[in-house]
Amino acid sequence: MGTFVVNSLDVRQLAYAYPDGTQALFGVDLSIARGERVALLGPNGAGKTTLVMHLNGILTAGHGSVTVAGTPVRKDTLKEIRQRVGLVFQDPDDQLFMPTVKDDVAFGPANAGVRGEELDRVVKDALERVGMLEAADRPPHHLSFGQRRRVAVATVLAMAPEILVLDEPSSNLDPAARRELAEILRSLDVTVLMVTHDLPYALELCERSLILSGGVIAADGPTRELLSDAELLAEHRLELPYGFAIPAV
Amino acid sequence: MGAGHHHQLYLPGDSVVHRLPPQCKLLAVFAFAIVVVATPRERFWAFAAYAVLLGAVALVARVPGTYVLRRMAIEVPFVLFAFLIPVIGLGERTTILGMSLSVPGLWAAWNILAKATLGVIASILLAATTEPRVILIGAQRLRLPALLVQIAMFMLRYMDVIVDEMRRMRVARESRGFEARDLRQVPVIARSAGALFIRSYERGERVHLAMLSRGYSGQMPILHDISASVRQWGIALALPAVALAVWGLSW
Amino acid sequence: MHVPDGFFNAATSVSAGAVAAAGVAVCLRGARRELDDRTAPMAGLVAAFIFAVQMLNFPVAAGTSGHLLGGALAAILVGPYTGVLCMAVVLLVQGVFFADGGLTALGINITIMGIVTVLVGWGVFRLVTRLAGGKVALAAFLGSLVSVPAAALVFTVLFWIGGTAPIEVGAVAAAMGGVHVLIGVGEAVITAVTVSAVLAVRPDLVYGARGLAKPLVLRGAEGTSTTVDEQPEPAAAPGKLRPFLLGGLGLALVLAGIVSFFASSSPDGLEAVAENKGFIDQASDHLFGSWALADYGEVGGIPVGVAGIIGVGAVLLVAGAVAYAARGRAKVKA
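Residue numbers (the numbering used here), protein chains in the order written: chain H, 1 to 249; chain L, 1 to 251; chain E, 1 to 334.
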């Protein structure tokens, strides 16, 4: 990369309809600068998952473009794109398909051609960053849910991604696991896009938030401001948990 | 919770047997089973020798007898079938305990019981001393098609997940007062089987997406390759070799 | 139904192993065509599903219960090639990891419970969907109903040829067939309801119903609707019945040929004993004892192996004629 600043992610006028004709995205525009942590908020059915599927080329845009660190998502760039966009799925069981934690973390870099000692080092490093090194040789299904989600993050970190995309990272976690994951995410120096409807979690981790509603970006601004706008939240079926007040700075 | 613990197949350990490369053990167990099956049934002492051999392996591997016995329950249905053979068998009949039994049938029953039991114990010892995923690596080394090995790998990984889902569905059924008594309840069970299939299939699709997201392009990366030394092959193949010698000597 | 070691003599086990290996090899290629790079995860998950479903016990008659084999179900849901593959992997895992089914009997188990149930179940299913015009549940019912006793009969015949116990094949076939028709009913109900349940929610997932999708309807603004004639994705796979059946027939021939050749060329312990003790003549009063082909040997001057092939050929001729007649009538109707 050159010395000028390139955004980690640029989405321009992205529209998409499923093969059955249902249109999910109606022209999404968003940019995320390198190093930012951004929350993507939105009610169920807003098109969040559809948008995420475009970011690493699992779905291809019907209209518009997705650019990751200057590289457009196209058929011929897929390999590179998938290396750069680390997708953490909502259900860690979908993501952890290999027989052991270590093998699972190694899967991505191995597909990129990393072998031998270099591979071992990458795997160890990624597991260390999520605090799961001691589980390296265990089968994923013997871990707790929170541990599995952390390993899922490690599988993606091992690919040294430009941007980490997390789909509902706090779902099904108990409070302690939720806090541990937040600490891990805060300690990482990568760009993060967090898809969630857990508003306090977004507030805790992300300076900036986007609201995706009806297949377009309906709001973009500091998380604190968006969450203070009760009218805006109500309009897009977003709600703060009962009794939650936005803490003073 | 605790998926994967309800049928602990692998007993961790650090014996010579545990340390042998999986491909050696697999081949040894297969060869042993073939020798056993090929042994004519009237050579009683050959079967006794085979049993002693397996006992020795269990001793070296420190696999407790109670564990082997418990897992041998898998054999029960065919033991029952074996007891039926003397009753329905043809040929000369003899009377034991007031029952008219076929002599060839008795021979057949003994044959099946002896060989099936030895085969089951050999398999149990293999599974007890080798982690499932390692067995698959060994199978791949023995030129089992890679695709087959991968399918088995995914099956092993998700078996517990799917069985757990099925159990949750059963709890959901039963907590609403459902009880399977006769054939009329079958449709209810089948409908949950349908739901289970959809869940499994959709999970398969999601797993595939997760694989694509991490650069999968149709080939699994080979992460482990366990090579075996001549000495290790020698140790492993000692089992079928001794069995073969017993077979030869029993002529 | 998982056959342990020692049920069949070594020659039969090895021959069945060769047949199973050939069948699985064919299906590996076929499944790649059905699923391309999704084969490993999809077939793995479906295998895990079959494994789970085999734990479903259902009451058959007083006091006895059966469990699902799942071959027909797998074939209808994911296609015959992938179906065989899933069954083979389930049996492999059960044999190697759970000691359920002997290692030397793996070929027999895969042949009977994988290949035969899938072939018969899928064949009947396709035949019925063609004749009865898309009644998927009915076809699933009949396909799985027939697949279970068919597997039991193949087991009986194999056992008669290369088993380690002397049995009266007619009587045992009748008994095995009878019991397994009952089990087949349970299997059929579960399969039919399972397939319908999936069909109701995700019809696109039922492989066997792919060719039967309704044409798309386009609605106009004033309530007019037009039907789209061409399917966006031509239902490719279910049309390929013939090569699949041909493959199956080939397998059956090979099985019969190899098995009967080996089986009779290496007499096992029983026959040795029987000859010594002089009651071999007693054992030969099978149902068709006086027929030239009865002992699968050189009884009537016909060499071993050939006898088996002739037998299978005869059955196939009859079955083929029936199927051809049925097809012809369906065409006339249409």
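Keep in mind the hints are simulated off the structure, nothing from the lab.
Take these hints with a grain of salt, some might be off.
If the Cβ cut is set under 8 Å, some of the chain E residues that face chain L in the computed set are [said to hold, decoys possible]:
| no. | residue |
| --- | --- |
| 1 | Gln-54 |
| 2 | Leu-85 |
| 3 | Thr-194 |
Quick caveat, the model's predicted, so the values are computed rather than measured.
Idealized CB from N, CA, C, for every residue including glycine.
A quick look at each hint next to the structure:
The interface hint given for Gln-54 (chain E) is broken, as the beta carbon of that residue sits about 10 Å from the closest beta carbon of chain L, more than 8 Å. Among the interface hints, the one on Leu-85 (chain E) holds; its C-beta lies about 6 Å from the nearest C-beta in chain L, closer than the 8 Å criterion. Evaluation of the Thr-194 (chain E) hint against chain L yields a held restraint, the C-beta minimum of about 4 Å falling below 8 Å.
Violated hint for the displayed structure: number 1, the only one.
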